[in-house]
Amino acid sequence: MASHEKLSQLSINNDARAMIARAREEGIETVWDRLAAQQPQCGYCAMGVSCRNCSMGPCRVDPFGDGPQKGVCGADADIIVARNLGRTIAAGASAHSDHGRDILEVFAELAKGETSGYELRDETKLRSLAEERGIDPTGRRPNEVASDLAEAMMEEFGTAKGHLSFSDRAPDKRTKLWKTLGIDPRGIDRENVEMLHRTHMGVDNDYVNTLLHGLRTSLSDGWGGSMVATELSDVMFGTPQPVASRVNLGALKADYVNIALHGHNPLLSDVIMQAAEDEELVARARELGAKGINLVGLCCTGNELQMRKGLPMAGNHLMQELVLLTGALDAMVVDYQCIMPSVTDVAKCFHTEVISTADKAKFTGATHISFDPRRGYEIGKEIVSHGVEAYANRNPERVRIPGDTVEMMAGFSVEAILGALGGTPEPLVEAIKAGKIRGAVGVVGCNNPKISQDHGHVTLTRRLIENDILVLVTGCSAVANGKAGQMMPEAAEMAGPGLKEVCKALGIPPVLHMGSCVDNTRILTLAAALANYLGTDISQLPLAGAAPEWYSEKAVSIGAYVVASGIYTVLGVQPAIFGSPNVVNLLAAGLEDVVGAKFAIEADPEKAAVMIRRHIESKRAALGLPHLETKDVEAPSEAA
Amino acid sequence: MKTVFVNPERCIGCRQCEFACAVAHSRSHDAATAPFETPRPHSRIHVGTGTTYNTSFPNKCRHCDPAPCVEVCPTSSMHRDRERDVVLADGHKCIACAMCAMVCPFDVITFHSAANGAPPRVVATKCDGCVERVSSGEIPACVEACKAGALVFGDLNELIAAGCARESSAMLTSATAVSLATREPDGVAGWRAWGASATHVNEEVRHGKP
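Protein chains in written order, with this note's numbering: chain F, 782 to 1421; chain P, 103 to 312.
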C-alpha cells in the first residue's frame, strides 16, 4: 500500500522493475505513483452505489444501512448498481464495436478500390464469410464479394436486420436460450443505445431486467462488433498462423530507430510495418547513424501484428510508460484504447515523439497525423519518417534497455488450431474425453496496478497447465505468459503429463496466443465449434474464462459475453457491484440457472486455479467423462 | 462535551468529509465556487489509507487536553477555547515555526494561507471544531457530509457507551469477532475481503512468490 511499496511488489518482471526504479530515481511519475496518490479510493464508487445519471443527484446509498438507502429518484442500491454496471458494459461493447466498424469501413472502401496499402489477403476466409451470410461468391471477383459482405455487415450495426449472423455460430441450444430469455442480440449499435436509454432516470427500474439487457449488450459485442473486427482483420491482413516472436523491453535495440505501435486497431499499424521497409526511410535512418528501423508492439495493436507477422512485443498495458523510460524509443504511434493520457508527460522527459493517428483519440502534447485509408501507405511513411528524424535527438547516455528478450510463439487462430489438429476438432475432443486434457481455459484481460503486474496471469496459467488444462490467451495475458516463457513449445515441460504429451505430439505450446482483446471472439468460435461437434451446448463443456488483472470497461463486456455464452468466469479484480448483495447473488450464483454459467471473484490466482479446476472436473463428471472429485482438487494451503 | 467521534470500520474512503471541510472553511461557503478561491481553501480532516486496499481512516485534530501543540506554542497562537472546549489556532499570532506540528500525536496540523479572516501568509491550519456552525445549531461539516456513519457528532461518553454496547454484543455473539466492533453488511464485507486478499497476494509476490 501507499507510496513506499517495494519494486518487487509492483511487478513480477525484471524489465518492469528496472524501469520503475529509474522512474523513482529521476522523479518521473508512473501509474503506481498515481494509484498510491488516489488511496483511499471512494467506497461508494467502488461498490457501485453512487449515481450521477441526473441532476437531482448525485446520490449515494449507505452500504451500512443507516444512512440514505435511496437516491433522490427513489432508486435503491440494486437499481443503482445495475444501472452503473449496464453503462459499463455498454461503454466496453461500444469500444469494441466501434473498432469493428472502423475496420469494416476500410474494408468497404478497399472493396471499392479506394484505399492504398490494403489488400484482400485471405480470399478463402472472404468466401467463407460471404457464404456464412448467404452471399454466393461463385464466379465473382473478390472485391465484388467483399462489397456485398461489407454491406451485409453494415446492416447489422443498425436495426434493419434485427439479428446478428455471427450469433448463428453458437449452438442451437444456446441461441434458443437467448431468444427465450429475450437477450438475443438484435443490432450491434442498438443494444448499446438501448442500454443508455434504459439507464436514464425512470426507464428500467428492475435490476434483473437491466442486467439481462447487459448480457444482450455484451453479446452484441462478442458475437457482433468484436467478431466483425477479428474476421475482417483476418481477411485484410491475413489469418494468423503459428509464428515465432520475442517479448519484453529487450525488443528495443540500442542502435536502431525504435518505433512502438500502441493501441488496438491494426488498420494503420499494418501499413506502418510496410512503410518501415521503405528503402528511402531505411537509408535516412542509416544516414543518421542507426543500423535500421526496429518496430515493437505494445498492447493489442502489438498483438495484432505479432499474431500475423511475429512483431516483437515490448510489453502489455503497464509497460506503456516504462517503454518510454528506456530512453531508446524514438516514436510511440498510438491509435486508441488503453493509451494512458500520461504517455505524453513521460515522453517529455525524453526525446520520444508521441504520434496520435485517430481523429477520435487525440492527446495533448502529441503530434497528430490523421489516418486516412485512401492514403494509407503515404501516411505510414510520414509517421515512420517522424520516428527516424526523432532518432537524431536521442541521447545515447540516457539509453537503458533492460535484459534480453524471451522467445514466444503466436498466431493461433481457430483456423491454425484446427489446422494443427488435422482439420477437425476430433483429436482435441478425444484428448479431452480421455482426460489427457482436462479442459480449456481462456486467461485474458488487462493489467491493473492493484495486482502485482503479470502475477495473476502467469501464476493462474501455470497452475492450469500443470494440471493438464490447455490455456488460451489474448491481450495483456499473452504478453505476461510470453515473458514467463510459457508460450514456447518447450514449455510443454511445464505442463502435466497429459497436456505435455499432446503438445509434444503437435509441436505446440501449452499456452496458445489467440490474439488481441477483440480476438476473444476466436475463443467463442472455437468453443462453439467444439459444442457443435459434440452436439451439445457451450455451457456443458469443461471450459472456463479468467480475467485475473482486468481493469477496463471492455473487459466487463468480455466477461459478460463469455458468461452469457455459457462459460464460467473468474475475475481477479472486483467489479463495482458489492453495494448490492442482490446483484452479487445474481451474478455469482443465480445466473447459473439462467445462462448455465456464472461469475466468481478471486484476487489470489492460486485459489482461482483451484476454483477453475473444480469447475472443470464437475463439467467432466456431468458429461460422464473420467473426473476428479472436488475434494481431490487440492486448495493451495493443502498442497505441498 | 460534544465532539466528532470516528467509527473507523464505517469509513469507506469517499473523502467527502475533506471536500465539505474545505468548503466550510472557504470564504464563500459554496461548493461550486470554493475550489476557485484564492487562497484555495484546505481541508483540515485527512482521510488516510489502512494496511490493505479498501480500508481508510478520517484523521483530524482530537482537541487533546492537555494539548501538546498548545504546550509548545511560543506565541500562544495555539490555544484552548475553554468555553467551547476546542483547540484553536490564531493565525495572527502564528509564526509558522511548526513546533505544534512536530509534537502533534496525529500529524493533523498543516500550513497554508488561510481563506477567511487570517493574515495573508502561511499559518498553522487545523480543525476548529466548526465552532461557528455548531454555535448556530449545525453539526460539523465533516459529520454532515458523512453518510456512512464513520464520523458522528455527540457527547463523547454517550458515543463511547454506544460503541461499548455494540462491542459487548459482538463479543457475546462470538468470542473471535474482535477485529471490528460491528458486523459489516455482506456487501461491504465482500468488498473488503477482496481488498485484503489482493493486498495479501501482492505481499506474497514481494516476499518472493512465485
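Accuracy of the hints is not assured; some may be wrong.
Derived contacts from chain F toward chain P, CB cut-off under 10 Å, selection only [what the hints assert, rightly or not]: (1) Q790; (2) A817; (3) Y1158; (4) K1231; (5) G1237; (6) A1310; (7) Y1314; (8) G1316; (9) I1358; (10) P1386; (11) A1403; (12) L1404; (13) G1405; (14) L1406.
Covered stretches of chain P, as calculated for chain F (at least 3 residues, CB under 8 Å) [stated by the list, open to error]: (15) 114–120; (16) 148–159; (17) 287–297.
Partial list, derived from the structure: chain F residues whose beta carbon lies under 7 Å from chain P [stated by the list, open to error]: (18) Q850; (19) D929; (20) G1360.
No wet-lab data here; the hints were simulated from the structure. Note that the structure is predicted; figures quoted are calculated from it, not measured. All C-beta atoms in this analysis are idealised placements derived from N, C-alpha and C, irrespective of residue type, glycine included.
Here is how each hint holds up against the structure:
Evaluation of the Q790(F) hint against chain P yields a held restraint, the C-beta minimum of about 4 Å falling below 10 Å. Hint status for A817(F) relative to chain P: holds, with the closest Cβ pair at about 9 Å, below 10 Å. A cut of 10 Å between beta carbons decides the hint on Y1158(F): the least distance to chain P is about 45 Å, and the hint is violated. A cut of 10 Å between beta carbons decides the hint on K1231(F): the least distance to chain P is about 6 Å, and the hint holds.
Restraint check, G1237(F) versus chain P: the minimum CB separation of about 8 Å is within 10 Å; hint holds. The beta carbon of A1310(F) is not positioned within 10 Å of any beta carbon in chain P (closest approach about 34 Å), and the interface hint is therefore violated. Taking 10 Å as the C-beta contact cut-off toward chain P, the hint placing Y1314(F) at the interface is violated, the least distance being around 36 Å. At about 39 Å, the closest approach between the beta carbon of G1316(F) and any beta carbon in chain P exceeds 10 Å, and the interface hint on this residue is violated.
Satisfaction of the interface hint for I1358(F) is found here, the shortest Cβ-Cβ separation to chain P being roughly 8 Å, below the 10 Å cut-off. The interface hint given for P1386(F) is met, as the beta carbon of that residue sits about 7 Å from the closest beta carbon of chain P, less than 10 Å. Hint status for A1403(F) relative to chain P: violated, with the closest Cβ pair at about 28 Å, above 10 Å. A cut of 10 Å between beta carbons decides the hint on L1404(F): the least distance to chain P is about 32 Å, and the hint is violated.
For G1405(F), the interface hint is violated, since its Cβ never comes within 10 Å of a Cβ in chain P; the closest pair sits about 35 Å apart. Annotation: L1406(F) was flagged as interfacial toward chain P, and the flag is violated, the nearest CB pair being 30 Å apart, outside 10 Å. Only residues whose C-beta sits within less than 8 Å of a C-beta in chain F count toward coverage, and the region 114–120 of chain P has 4 of them, enough to reach three; the restraint holds. Residues of the region 148–159 of chain P with a Cβ under 8 Å from some Cβ of chain F number 10, which satisfies the need for three, so the listed coverage holds.
Only residues whose beta carbon comes within less than 8 Å of a beta carbon in chain F count, and the region 287–297 of chain P has 7; three or more means the coverage holds. Violation of the interface hint for Q850(F) is found here, the shortest Cβ-Cβ separation to chain P being roughly 10 Å, above the 7 Å cut-off. A distance limit of 7 Å between C-beta atoms decides the matter here; for D929(F) the minimum to chain P is near 49 Å, and the interface restraint is violated. Look at G1360(F): its Cβ gets to within about 5 Å of chain P, closer than 7 Å, so that hint holds up.
Violation of the numbered hints given earlier is confined to hints 3, 6, 7, 8, 11, 12, 13, 14, 18, 19; the remaining hints are satisfied by the structure.
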